[in-house]
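S.K.: Okay, here's what each chain looks like letter by letter:
Number of protein chains: 2
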Amino acid sequence: MIKIVNATERERRAFIEELKLRVGRTDPETEQKVARIIEDVRTGGDEAVKAYSEKFDGWTPDRLELSREEMEELSARCSGEFLEALKRAAANIYDFHSRQKQQSRIDPQPNGVIMGQRVRGLHRVGVYVPGGTAGYPSSVLMNVIPAKVAGVGEIVMATPPGRAGHPDPNIIAAALVAGVDRVFLMGGAQAVAALAYGTESIPKVDKIVGPGNIFVATAKKQLYGVVDIDMIAGPSEILIIADSSADPEYLAADLMSQAEHDPMASAILITDDRKLAESTVSALYRQLETLARRDIIERALDGYGAVIVCENMKEAVEFANQLAPEHLEVCCRDPFEYLGRLDNAGSVFLGNYSPEPLGDYFAGANHVLPTGGTARFFSPLSVDDFIKKSSFIYYTKDALMGAAGDIIELAETEELTAHANSIRVRLEE
Amino acid sequence: MIKIVNATERERRAFIEELKLRVGRTDPETEQKVARIIEDVRTGGDEAVKAYSEKFDGWTPDRLELSREEMEELSARCSGEFLEALKRAAANIYDFHSRQKQQSRIDPQPNGVIMGQRVRGLHRVGVYVPGGTAGYPSSVLMNVIPAKVAGVGEIVMATPPGRAGHPDPNIIAAALVAGVDRVFLMGGAQAVAALAYGTESIPKVDKIVGPGNIFVATAKKQLYGVVDIDMIAGPSEILIIADSSADPEYLAADLMSQAEHDPMASAILITDDRKLAESTVSALYRQLETLARRDIIERALDGYGAVIVCENMKEAVEFANQLAPEHLEVCCRDPFEYLGRLDNAGSVFLGNYSPEPLGDYFAGANHVLPTGGTARFFSPLSVDDFIKKSSFIYYTKDALMGAAGDIIELAETEELTAHANSIRVRLEE
Numbered sequence: 001m002i003k004i005v006n007a008t009e010r011e012r013r014a015f016i017e018e019l020k021l022r023v024g025r026t027d028p029e030t031e032q033k034v035a036r037i038i039e040d041v042r043t044g045g046d047e048a049v050k051a052y053s054e055k056f057d058g059w060t061p062d063r064l065e066l067s068r069e070e071m072e073e074l075s076a077r078c079s080g081e082f083l084e085a086l087k088r089a090a091a092n093i094y095d096f097h098s099r100q101k102q103q104s105r106i107d108p109q110p111n112g113v114i115m116g117q118r119v120r121g122l123h124r125v126g127v128y129v130p131g132g133t134a135g136y137p138s139s140v141l142m143n144v145i146p147a148k149v150a151g152v153g154e155i156v157m158a159t160p161p162g163r164a165g166h167p168d169p170n171i172i173a174a175a176l177v178a179g180v181d182r183v184f185l186m187g188g189a190q191a192v193a194a195l196a197y198g199t200e201s202i203p204k205v206d207k208i209v210g211p212g213n214i215f216v217a218t219a220k221k222q223l224y225g226v227v228d229i230d231m232i233a234g235p236s237e238i239l240i241i242a243d244s245s246a247d248p249e250y251l252a253a254d255l256m257s258q259a260e261h262d263p264m265a266s267a268i269l270i271t272d273d274r275k276l277a278e279s280t281v282s283a284l285y286r287q288l289e290t291l292a293r294r295d296i297i298e299r300a301l302d303g304y305g306a307v308i309v310c311e312n313m314k315e316a317v318e319f320a321n322q323l324a325p326e327h328l329e330v331c332c333r334d335p336f337e338y339l340g341r342l343d344n345a346g347s348v349f350l351g352n353y354s355p356e357p358l359g360d361y362f363a364g365a366n367h368v369l370p371t372g373g374t375a376r377f378f379s380p381l382s383v384d385d386f387i388k389k390s391s392f393i394y395y396t397k398d399a400l401m402g403a404a405g406d407i408i409e410l411a412e413t414e415e416l417t418a419h420a421n422s423i424r425v426r427l428e429e
Numbered sequence: 001m002i003k004i005v006n007a008t009e010r011e012r013r014a015f016i017e018e019l020k021l022r023v024g025r026t027d028p029e030t031e032q033k034v035a036r037i038i039e040d041v042r043t044g045g046d047e048a049v050k051a052y053s054e055k056f057d058g059w060t061p062d063r064l065e066l067s068r069e070e071m072e073e074l075s076a077r078c079s080g081e082f083l084e085a086l087k088r089a090a091a092n093i094y095d096f097h098s099r100q101k102q103q104s105r106i107d108p109q110p111n112g113v114i115m116g117q118r119v120r121g122l123h124r125v126g127v128y129v130p131g132g133t134a135g136y137p138s139s140v141l142m143n144v145i146p147a148k149v150a151g152v153g154e155i156v157m158a159t160p161p162g163r164a165g166h167p168d169p170n171i172i173a174a175a176l177v178a179g180v181d182r183v184f185l186m187g188g189a190q191a192v193a194a195l196a197y198g199t200e201s202i203p204k205v206d207k208i209v210g211p212g213n214i215f216v217a218t219a220k221k222q223l224y225g226v227v228d229i230d231m232i233a234g235p236s237e238i239l240i241i242a243d244s245s246a247d248p249e250y251l252a253a254d255l256m257s258q259a260e261h262d263p264m265a266s267a268i269l270i271t272d273d274r275k276l277a278e279s280t281v282s283a284l285y286r287q288l289e290t291l292a293r294r295d296i297i298e299r300a301l302d303g304y305g306a307v308i309v310c311e312n313m314k315e316a317v318e319f320a321n322q323l324a325p326e327h328l329e330v331c332c333r334d335p336f337e338y339l340g341r342l343d344n345a346g347s348v349f350l351g352n353y354s355p356e357p358l359g360d361y362f363a364g365a366n367h368v369l370p371t372g373g374t375a376r377f378f379s380p381l382s383v384d385d386f387i388k389k390s391s392f393i394y395y396t397k398d399a400l401m402g403a404a405g406d407i408i409e410l411a412e413t414e415e416l417t418a419h420a421n422s423i424r425v426r427l428e429e
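Residue numbers (our numbering), protein chains in the order written: chain Y, 1 to 429; chain E, 1 to 429.
Certain hints may be false.
Since copy identity is lost for identical chains, a pair holds within one copy or between any two.
No more than 25 Å apart at the CA atoms, straight line, and that leaves these computed lysine-lysine pairs for DSS-like [to be verified]:
| id | residue 1 | residue 2 |
| --- | --- | --- |
| 1 | K221 | K33 |
| 2 | K397 | K3 |
| 3 | K221 | K20 |
| 4 | K314 | K87 |
| 5 | K314 | K204 |
| 6 | K204 | K20 |
| 7 | K275 | K3 |
No lab work stands behind these hints, which were simulated from the structure alone.
The whole structure should be built from the sequences, with the hints applied where relevant.
M.R.: And the structure:
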């Protein structure tokens with residue numbers, strides 16, 4: 001189980017490097033399989049998608065698209081409490097993301113020159129939603145709502161139909177609440193390929209987002225450039241920095257909330273208070289008894305968990321910046337004082353009443369976050385991921401005459417004489 | 001040479017598909033070579049970089065870094081006119097990009113909840129600048145200035161030393177004007193790997209941008225995830241939509257200014273005015289005689305150029321939206337009336353006095369633009385490419401108690417019981 005370590009700085013760095021090895025490369029056999037599926041769908045369209053659905057999902061689809069009536073019928077099967085909670089969460093997510101929206105701008109200058117930048121939502125986005133016994137409606141909200149705020153023209157969802165021949169009703173309820181326009185019953189690499197190229201029944205999209213298995217992730221990477229894609233998510237991770245003001249029961253619960261995702265999830269606590277570390281580990285053992293996903297939790301904590309005791313909170317902050325965790329909880333007195341010193345984290349949870357699941361489900365910030373140390377340079381999923389920008393330039397004749405000398409000088413320095421010629425022909429009047 | 005075509009809509013679409021085939025895949029042999037270079041640099045550091053410099057560039061470096069004194073000495077060799085033009089261009093680029101800067105925000109709510117998003121520049125960025133007899137100082141400005149505006153902590157440049165043992169003075173002048181902090185003399189895949197991993201002399205960066213040959217591009221793709229990278233640029237392209245108000249001499253010059261980049265560059269004119277089309281082609285032949293890069297221009301126009309006559313400007317706009325060109329000139333009366341109908345273009349040039357080279361060098365908008373039809377979903381290089389965002393969440397105890405029911409409901413629906421447990425332990429007081 002999880003160990004308490006008095007790691008030196010060097011040992012902490014080595015641990016961080018070890019964690020990075022969790023992200024593996026796709027093996028060549030999978031790459032080839034996926035390349036084959038993509039090519040078959042590109043040329044074979046609907047028929048290829050159906051053939052692969054039969055082969056991989058054991059489902060013989062008579063139709064690829066869920067009708068609106070079917071969507072509403074499925075959604076109506078959900079419990080009232082769930083639907084109400086879903087709507088309140090969606091409202092918070094919508095509110096947070098609406099503040100991210102950028103405007104098109106124009107900069108007219110006194111000499112008549114007009115520069116500007118247009119910002120618009122993408123035409124069409126595909127959201128992949130994995131199947132499985134417990135679907136993730138929160139994932140639907142988090143992937144779809146920023147696209148909605150961005151003004152994307154059409155949002156289509158791809159999700160495997162499941163043994164029952166239809167997706168989990170909770171997924172469909174979330175799709176309706178978030179504003180998905182169409183739902184296609186398909187999964188795997190064939191779904192990604194169908195969205196990227198379009199088929200007889202499936203519209204071509206400009207971007208594909210959403211989590212998925214190795215086949216889905218590999219297909220997205222191979223199709224990058226044909227479409228845009230989101231980040232490929234690695235295993236989940238949480239770092240908690242805590243001082244003596246923290247409650248060990250809370251810390252234990254929060255570490256395990258992350259560990260339950262995946263046997264490769266990483267859950268780390270760093271504190272300057274040895275007694276707190278010990279109490280947290282005791283609490284871990286005690287609470288673990290009560291949890292359904294005990295096996296996954298234990299494997300994750302064994303492999304990638306740690307409770308680190310350091311000298312002072314300055315060292316804890318340094319460790320946080322080196323680790324660049326996906327989720328960072330600050331269970332310290334005066335948590336806001338840490339904010340400006342935390343350089344690298346996907347999402348920061350301040351204080352003892354902001355547990356990570358609050359962010360996963362409800363508070364409104366996105367839960368699609370950079371993993372594996374990429375919080376150094378990647379960002380949470382946001383409205384910016386669903387827009388495209390376009391600059392525009394308008395020069396009057398006089399303004400161009402004024403700039404002509406400079407442009408010709410620069411073009412000729414680069415030996416691009418036809419560029420200079422474009423300016424010269426306009427001079428010769 | 002370039003043909004005038006009365007293409008049907010179907011033929012126009014087929015032509016667009018043909019253009020997309022210009023973007024090839026990297027051959028496996030190159031992929032393997034690059035993977036080897038990357039691994040050698042990762043483990044061998046400076047020594048590996050020097051060995052590859054010797055092997056590929058025929059240069060035996062005694063040092064990898066250009067000193068500040070050397071940079072200023074090289075810059076002083078440039079002509080005064082060039083330096084003045086460079087500074088004026090840089091000022092315009094800085095002005096345009098400064099308007100892209102996003103602020104960190106905070107949303108405090110009456111119930112004590114505080115949500116927010118921090119926006120900060122990346123820690124360190126590497127800008128690759130290819131060598132060659134005519135360096136591209138404009139490329140230095142366009143890649144570095146947005147990073148400067150973004151507040152990137154340190155901007156380092158990698159550029160091959162060249163036969164003279166030092167880079168082109170114009171490149172170094174541009175580096176100083178734009179605000180590069182350090183310059184390293186190295187090129188190819190080994191430079192990219194050195195920046196991505198860091199070596200004894202070379203600092204590790206978070207993002208690598210800038211154009212380069214197939215080895216540089218392949219290295220960037222392979223290292224994506226270890227660092228962030230920019231788009232891989234494809235061959236250049238321009239589309240001009242023109243009506244009878246356009247001047248055929250201008251159109252001819254502008255088509256050729258793009259064609260001179262590369263034998264695979266695409267230059268297309270679409271107009272509803274047959275006479276204009278014919279006059280443009282005549283002007284092309286005439287002006288071609290005078291241009292130094294005549295050979296490249298002819299090859300590009302032969303292979304990927306076209307002058308298309310359509311029925312009306314509505315068809316021209318439709319073609320523009322299907323093509324999604326990198327550069328789009330609107331040489332029409334009332335050019336602004338087109339702006340809202342043009343859905344997909346990297347940069348739009350309005351009117352008869354806004355030739356594309358104006359944007360390449362001077363007006364201020366970025367010249368690093370999406371190619372190969374990716375303007376459907378990619379954007380020009382901007383300040384947004386050099387920042388990272390981080391959300392933060394603060395809930396009071398009361399606020400969490402208020403949300404507890406909803407979070408537990410959603411977590412339990414997803415069967416993530418340890419997530420629900422994080423909330424429950426805080427209820428049991």
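S.K.: All hints, please: hold or fail.
M.R.: Do the hints match the structure? See the list:
no.	hint	result
1	K221 to K33	both (14 Å within a copy, 21 Å between copies)
2	K397 to K3	neither (73 Å within a copy, 30 Å between copies)
3	K221 to K20	both (20 Å within a copy, 19 Å between copies)
4	K314 to K87	neither (41 Å within a copy, 43 Å between copies)
5	K314 to K204	between (51 Å within a copy, 23 Å between copies)
6	K204 to K20	between (35 Å within a copy, 16 Å between copies)
7	K275 to K3	within (14 Å within a copy, 81 Å between copies)
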